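**Student:** Letter by letter, the chains look like this.
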Amino acid sequence: MNKAKLRTTLTPYLFLAVPVIIYMIWVIGPMFYSFYLSLTKWDGFSAPQFIGLANFRRLITDPVFYTSLWNNLEWIAVFMTIPIVMGLFIAMSLNRDIPGSKFFKACFFAPMVLSLVVSGLVWSWLYNPGSGLINTVLRQVGLGDLARGWLSEPEVVMEAVITVAVWRQVGYVMVLYLAGLQSIDRNLIDASHVDGANAVQRFFNVILPQLAPVTVVVIVISIIDSLRAFDLVSVMTRGGPFNSSSVLANYMYIQAFNNYRMGYGAAISVVLFMISAAFIVFYLTRIVREETNG
Amino acid sequence: MADTRSFSPTMRAVLFALISILVLIWLVPLVVAFITSFRTNEDILTNGFLALPETISLQSFADAWSRGNLDIYLPNSFIITIPSLFGTLALSSLAAYALARFKFKGRLAFYFLFVGGTMLPFQILLLPVFRLSDALGIYDTYSAVIAIHIAFQLGFCTFVLRNYMMTVPIQLMESAVLDGASELRIWWSIMIPLTVPAFAAVATLEFTWIFNDYLWALILIRSSGKMPVTTGLAILQGQYVQDWTVIISGALMATIPTLFVFVFLQRYFIAGLTLGSSK
Amino acid sequence: MSRALRLFTPLLAVFVLLAVFVPNDLAAGGQGEAAAEGEEGSSIVIYNSYMSDPEPREFDAEVVEQFNEQNPDAEIVHSTVAHEDFKQAIRAYLTSSTPPDVMTWFAGNRARFFIDRGLIMDISDLWEEQGWNEDYPKGFQAMSTVDGNQYFLPTNYYWWAIYYNTEVFEEYDIEVPETWDELMDVAEELKSNGVTPFTVGTKYRWTAAAWFDYLNMRVNGPEFHIDLMLGKESYTDERVKTVFNDYWAPLIENDYFIEDPASYAWAEAIPFMNNGEAAMYLMGDFIRDSYPEEDVEKLDFFRFPIIDPDVPVGEDAPTDGYLMAADAQHAELGKELLAYFGSEEVQTKMAEDLGRLVTNNNVPDDVYNENQIKGRRLLDGADYVAQFYDRDTTPEMADAGMDGFMEFWSDPTPEKTDEVLQELEETRQRLFEEDEEE
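Protein chains in written order, with numbering that gives the first Met the number 0: chain A, 0 to 293; chain B, 0 to 278; chain C, 0 to 437.
Certain hints may be false.
[What the hints assert, rightly or not] Here are the simulated DSSO-like pairs of lysine-lysine, each with C-alpha atoms no more than 27 Å apart in a straight line:
#	chain 1	residue 1	chain 2	residue 2
1	C	Lys-231	C	Lys-190
2	C	Lys-86	A	Lys-40
3	A	Lys-40	C	Lys-231
[As the list claims (entries may be wrong)] Which residues of chain C face chain A? A partial, calculated answer using Cβ under 7 Å:
#	residue
4	Arg-116
5	Ser-262
6	Pro-394
7	Asp-402
8	Met-405
9	Glu-406
Quick caveat, the hints were computed from the structure, so don't treat them as lab data. Since we're looking at a predicted model, the values are computed, not measured. C-beta: ideal position from N, C-alpha, C; glycine also.
Please put together the full structure from these sequences, using the hints given.
**Tutor:** Shown next as structure tokens:
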């Protein structure tokens, strides 16, 4: 191998060296360590005790685990639809010169500026059954029957929490699509005008395909965010009432840090990771296919 | 820009109305938070949520500032956030460049590594990383928190930056290679300027995330003197659960830096976008 | 080798430095402490506290300052962490190589958990030296002792009782109830006048646990209650079912509680009481700190009524105090600080400033105000003093138990009760049998 060749072969690895080393030490290493922990019983203090798959066996009989899993799936389902459709719609609308579009963009993005904790606090207050804004307004307009304990009734609590997440997510998706729309090829749009395509056709045939890379990013982010959901639940309900709004990340945290069951907590996070991994594999095969084709 | 001519004036008016309504809904929680912070808790409890404020008071801001010790915690948040942000952006742009620019063995494996790590709920890493930091002797230092922020955010940043870098035409780099530029030079003077919008977007998000972190600081820092502003907020929430005005005032104050970053980067962001579209 | 590589090497070094070391130099101020720690270990003491609410925090700061005045050479690194989060952070504290020397903590099972794992320093010598073996009541000594050695310093405690709005009681000419039947009469009377008998905010669940503690102790006696807490009795025992079906469920079914209690944090439920919509709240004395100042004089309390006069009287009186890390690096000064916390001087201050009851016998009774005297009398009349549900049982059992109480509360039928208790029983068996294996 000559020098020049060696250099080109080595270059990507040199670029990757520092980030990968740091990533391995702080993230991947601890991650594998927690995989190992999922096979142990560990209180976080004494030495971990290897117990094989016992944690997982317990997991499949644990009703709270299923509730949490179901809630995560609901979260994903909502995130894959409402914020994406709304975010794209808003981005498309604000991408033209509507008066005040800059202001509008800022407004939709504003919730993102607030942290999840702050958002959770503000909304908890809107949801307050006695003096909160939502029930107060419902009662004022004669819809008092709809007023309820938004965060205390198992039937609605999850939806109430996800609403807050959607409120934040829409602006995020909007920004990503706005950025994506900037890079759209004007010539194709002009060409479609020449071809006499109407707005709807143009949207589905010209714009949407060009936004595909952004859409992939949006979808991946939506899934990650849904699976990692933690702060809103922890601030607004702590998983209550009786675990009906629990999600896997919170359940894991409670088991590991409140109940001193690190091993069991680790097992929950392994499941969470597996679900995520299924999505990544799906995403990666897509990439591989694209690259072998193109 | 993309599509100005396609809609009739009526359609545009309808669209405008629709967006306006949405914006109003979107603003309600923010407005409520803002108004709340200027009221007193007693006023809210006695007159209710919808009543006009009896008095406008800055007292809750003062209370939040002093009870939450924000004067100590706020600077710490910057000491933690700024190096974390720059560290993670610098490192992830290197990794993203490698993944977007070169075809090499293990390319997808590395990509999977970065994306995979972001899929894990970070809370499970708390104790292992605490052990690691303790073993490295950086427990209870800013470095411990900065190191994990840099490392943990690498995954997401690399993912986003790599995707943007993929859209940069390869010819630009090929011609630079022909001109004799080194890869490092191409990375610095071609790739980075072309991906400024992506950097701006990622930096905004990362700033909010890192700035608002609480759990890492809680586990990796022992001394009050080094804790970030979220600690102060937690203290305010403590048993003051009922004093909404103070909590919300504190929360708003802690949000101001993020707001600035957003406003500042948004300008950058737009400049970057025009630069990107002229390619 | 190549130019690229030559460029990379310094870059790599810079990034590594950036990631790990630079920020510490940036914050040279914060590092002074670490330097001092290394050089003269004895003149420093690290103290982490969960006293994060305004009044306790002020007290905490003042005490530390006073200690500093008496020990001008000592540097006290005092950190305050939000009460709830301290419970998680202490895991890191106790296992780090530089743990805080002195920490606030809870007596009972919660301290025992750490003591059993060898994480807490044996401070028997301090107990001996300070004469605490004479100055502290036997109960508190026992609370701090494991296998004949002392690991804990209990300093203060408070009582639980039914608090009520005196104005409302006066308005309807209601007398303070002493027995269960009387309490039910009071509740009915209030309800017929449009006043909800009890307010409660169960968002964080432990307020519901208080009801269980008291009903179970009053119906089945404290001995049975503690055995249940320790996993020695079954949750499906008929005696437990009686508590739920015959006492707790009727309260809920008769609408004796405010609507939607699960929506409110405990303190958020206070307004119902001080504005007269509701009349009573089963709560710890810390309710006083959160009660609106202008109404606090209309707040009084009475002992949770007696259900079965043949059963010994148990009360909840959670005790707080301090402990030291087994690996404390500044043990000597740490012990001095601890000795100061346990001294008559600080205990007197605590009684005066925070309205708590304190443990040191030497503290003169006249430091107590009327409220404290009444609270102490209430506890003096008890045959047994428990800590509290989530302090008397293990953390995971408490977690499952409180969820169960909430589930029961949402649907207090006998069928649901059976289901909930069956689940709790399964959890109990799993937890306590597992622990026996160890």
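**Student:** Run every hint past the structure and note whether it holds.
**Tutor:** Verification of the supplied hints:
no., hint, verdict
1, Lys-231/C x Lys-190/C, "violated, 39 Å"
2, Lys-86/C x Lys-40/A, "holds, 21 Å"
3, Lys-40/A x Lys-231/C, "holds, 23 Å"
4, Arg-116, "holds, 5 Å"
5, Ser-262, "holds, 4 Å"
6, Pro-394, "holds, 5 Å"
7, Asp-402, "holds, 4 Å"
8, Met-405, "holds, 4 Å"
9, Glu-406, "holds, 4 Å"
Consistency with the previously given hints fails for number 1 only.
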